[in-house]
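K.L.:
Top to bottom, those sequences are chains A and B.
Heads up: the first sequence begins at 1 in full-length UniProt numbering, then just goes up one per residue.
Heads up: the second sequence begins at 1 in full-length UniProt numbering, then just goes up one per residue.
Worth flagging that the hints you see were computed from the coordinates, not collected in a lab.
Remember, predicted model here, so these are calculated numbers, not experimental data.
Relax, there's no trap hidden among the hints.
List of simulated lysine-lysine pairs, DSS-like, C-alpha gap at most 27 Å:
hint	chain 1	residue 1	chain 2	residue 2
1	B	Lys284	A	Lys290
2	B	Lys266	B	Lys284
3	B	Lys266	A	Lys296
4	A	Lys332	A	Lys290
5	A	Lys325	A	Lys185
6	B	Lys266	A	Lys332
7	B	Lys289	B	Lys266
8	A	Lys53	A	Lys185
9	B	Lys266	A	Lys290
10	A	Lys233	A	Lys332
11	B	Lys289	A	Lys332
12	A	Lys290	B	Lys289
13	A	Lys233	A	Lys325
14	A	Lys325	A	Lys296
15	A	Lys233	A	Lys3
16	A	Lys3	A	Lys185
17	B	Lys11	B	Lys332
18	A	Lys296	A	Lys332
19	A	Lys325	B	Lys266
20	A	Lys296	B	Lys289
21	A	Lys296	A	Lys233
22	A	Lys233	A	Lys185
23	A	Lys3	A	Lys53
24	B	Lys284	A	Lys296
25	B	Lys422	B	Lys363
In silico negatives: residues of chain B with every beta carbon more than 12 Å from chain A:
hint	residue
26	Ser203
27	Leu352
28	Gly361
29	Ala446
All residues carry an ideal CB built from backbone N, CA and C; glycine is no exception.
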Amino acid sequence: MPKISMRQAINDALHLEMERDPRVIVLGEDVSGGAGGTSGEREAAGGVFGLTKGLLPRFGEDRVIDTPISESCIVGAANGAALTGLRPVAEIMFADFVGVCMDQLLNQAAKFRYMFGGKARTPLVIRMTCGGGMNAAAQHSQTIYPILTSIPGLKVVIPSNAYDAKGLLLTAIRDDDPVIFFEHKSLYMDECEVPDGDYTIPFGEAAMVREGEHVTVVALARMVPLAIGVVDKLAAEGITCDLIDPRTTSPLDEESILESVRATGRLVVVDESPPRCSVAADIAAMAAEKAFHHLKAPIIQVTAPHTPVPFARELEAAYLPSPEKIEAAIRKVLSGR
Amino acid sequence: MNAITPIIMPKWGLEMSEGTISNWHVAEGQTLSRGMEIVDIETAKIVNTLESDLEGVVRRLIAPVGQTLPVGALIAIVADAAVSDADIDRYLRGDTPAQTAANSAPTSAPTLDTAPVIDRTEPAAAERAADPDLARRNEGVPATPLARRIANRHGVNLSRITGTGRNGRVNQEDVEAFIAANPAMTSAPAPAPAVTAALDNRSVHATSHAIRMANRLGIDLKRLAGTGRHGRVNVADVERFAAASGLTAPAPVASIAPPAGPAARKLAADLGVSLSSVNPTGPKGHATKEDVRNALAAPAGGLDPDPIPKGRDLVPHTAMRRAIATALTAAKRDVPHFYLTADILMDEVLSLRGQLNAMAGAKISVNDFIVRASALALGDVPDVNVQWTDAGMRRFNMANIAIAVAIEGGLVTPVVRDAGGKPLRTIAAETAALASRARDRRLTQADLSDGSFTVSNLGMFGVRDFQAIIAPPQAAILAVGATRREAREEANGAMRFRSVMSVTLSCDHRAIDGAIGARFLAALRQHLEQPLGLLS
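Produce the complete structure using the sequences and hints provided.
P.N.:
As structure tokens, then:
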């Protein structure tokens with residue numbers, strides 16, 4: 001099985017699905033990059049992160065559409081395309097810009113099926129990059145998936161590795177509801193073994209990344225590889241953890257998390273988002289509500305602080321959850337304090 | 001061979017009393033040949049591999065990974081393929097007299113309660129290397145032994161992994177990353193478990209905990225309809241099935257303690273009451289705060305033997321930590337210690353060491369001098385080179401010096417044999433090799449056994465002097481402090497700065513009297529203060 005990066009895995013999934021289903025189109029800022037330009041080079045970018053490279057030459061400009069710099073227009077056009085029978089995959093270059101198109105997401109895409117009595121389908125995927133660690137400052141580093149997770153009618157996917165990214169993206173494109181697909185920028189280069197062909201990963205089914213007895217650790221996106229390092233290190237000491245990657249925050253695999261918490265009695269949630277109204281807070285609240293009598297120690301959340309993402313490298317490093325913070329949390333939850 | 005042969009917990013070395021199964025290399029149904037690796041066992045000090053000295057088919061793996069068993073306990077059954085399962089069951093029940101192999105007398109009754117339903121949280125026996133072809137193919141790929149083992153166990157073809165280790169070698173991380181990235185892999189046990197027991201529950205659409213519980217109870221998940229998301233089987237489904245089939249609900253780990261709310265838990269922790277000693281009267285069998293207070297008042301006490309103090313972490317003990325605790329507690333309790341401290345002038349040793357190490361190739365430490373001098377002093381005063389036994393005094397005719405080496409998580413004491421008969425240079429080389437193997441945890445039982453005297457040196461940490469605990473069955477240990485500069489009065493009344501080292505000899509008074517210990521220290525001092533003799 002070839003070992004490829006998450007960038008390549010997502011690019012592969014787009015190629016596969018556009019080949020398989022002629023209704024799939026891709027649109028966004030610079031997804032090919034040369035439209036209307038004077039350089040004569042038609043595929044000038046292939047996406048700023050290279051995720052849509054090679055799509056234009058293969059599928060043509062009717063299906064790979066460079067848009068103006070207007071997120072409202074991108075999502076609005078995608079909404080219309082989806083309602084009229086296409087399966088658009090729109091790209092918002094940075095999730096931080098989602099505020100600009102919030103009405104199209106919150107009040108339009110998420111609501112069509114409900115407002116039209118189930119007669120309308122919105123098979124729409126919106127890919128967006130998220131996450132810190134790239135020294136990209138406060139407007140290009142956020143993990144705003146809690147905002148979108150809180151909106152009923154949207155499905156939210158946050159892969160932590162190339163294998164999951166490909167399988168989840170194929171599921172997302174084939175889903176008849178709007179799906180927000182978050183891609184953590186710092187994971188694009190991470191490689192793992194990914195099958196060549198077609199496979200899908202169902203939404204709402206967490207991955208049990210490691211199995212253990214003493215602590216349940218739930219981690220999302222880039223926090224998963226960090227947590228793997230810590231969990232494996234502690235395993236050498238005899239401390240073993242269930243490490244759960246929910247993979248989708250809406251729907252959330254409550255069952256897997258609760259079963260694990262009921263077995264271990266201890267929960268650490270690791271999330272790169274700030275702590276207020278976050279996915280970590282949501283999971284912690286769920287465990288406190290539904291596994292209360294199994295808890296042996298207070299739940300611990302390892303999150304960023306409630307501030308914008310700092311620009312200075314040192315501050316950003318201090319802001320993000322680190323292996324040291326995760327390890328300290330696991331040791332603390334074991335101490336029962 | 002038509003007999004049933006038990007594989008028992010081996011005894012490696014005099015002091016081994018129990019071992020922990022750390023990794024099975026064989027699966028049930030696998031044919032054993034002589035010399036084949038059977039199982040890794042962790043003892044107090046080493047991890048060693050038990051090799052087969054017989055041929056036959058592995059019929060039962062009794063002891064799961066992680067279980068600690070006394071020496072002589074039954075861990076597996078080997079028999080000819082012709083022997084029926086029923087015969088093996090009869091044997092396990094004890095109906096058939098044990099047909100013991102030459103080296104393996106089962107000294108304890110086989111434990112039937114560990115029926116061969118293997119908990120999935122442990123790597124199941126059927127998962128490991130059940131495909132000999134794969135294992136053979138993997139042999140050809142450059143990989144670390146651990147990586148190869150994990151790959152074989154999970155049915156991973158190593159040639160599909162790009163190694164990131166030295167010279168492109170596949171390491172543990174590579175294999176684990178591959179497995180983590182391929183959920184299908186994690187869930188696909190290596191091909192066809194040959195015999196019974198292991199269930200193929202990983203291939204069923206079920207939650208991780210449902211699979212673990214089903215494996216604990218021996219339930220085949222294929223027989224269940226899932227009620228979870230996308231028809232997934234969850235824990236509740238397994239519990240319902242178990243109840244309907246009359247299976248006892250699985251005891252969750254450490255479930256002896258009743259459930260309790262946070263307030264009751266906190267009170268129990270504050271009062272040092274173990275929840276398992278609390279008689280729950282609350283709703284749904286929960287322990288209330290009142291119950292906790294009652295448990296404290298009850299005459300049975302119910303004091304938690306191990307309450308977690310505030311401000312501490314509770315980290316599970318390693319086998320080494322437990323062994324150290326047991327051995328040293330016994331030593332300090334049972335051995336009547338006394339201590340003799342002496343100062344030794346080290347100027348000559350330091351000067352001689354400087355000259356020796358200035359010569360190409362030599363790298364001799366002060367400790368090597370002390371080891372050699374101790375060995376010669378034991379030769380001068382053989383009454384210290386002894387061990388107390390109830391039957392009589394065991395005397396050694398050569399000085400086997402054990403050297404305390406600190407390693408992560410504890411310490412080990414590898415032995416330089418006959419240090420009195422070896423030149424300094426040999427002692428230095430052997431000590432360096434032993435210390436390096438100790439840090440890699442690769443010492444063998446032979447490296448660790450037969451010590452007659454221990455040297456423990458904390459001088460490099462600036463410790464001035466200390467009193468060491470004797471390591472039974474030895475009768476003495478030398479605690480070595482740092483060499484310091486100190487003003488001394490010379491014979492002519494002048495003051496001069498000298499290099500001084502304090503050593504403290506701990507003696508077992510049952511075997512060694514004060515005057516004998518003092519004679520040893522005098523001999524040691526003489527060897528170190530006139531060190532040319534150490535070169536002979």
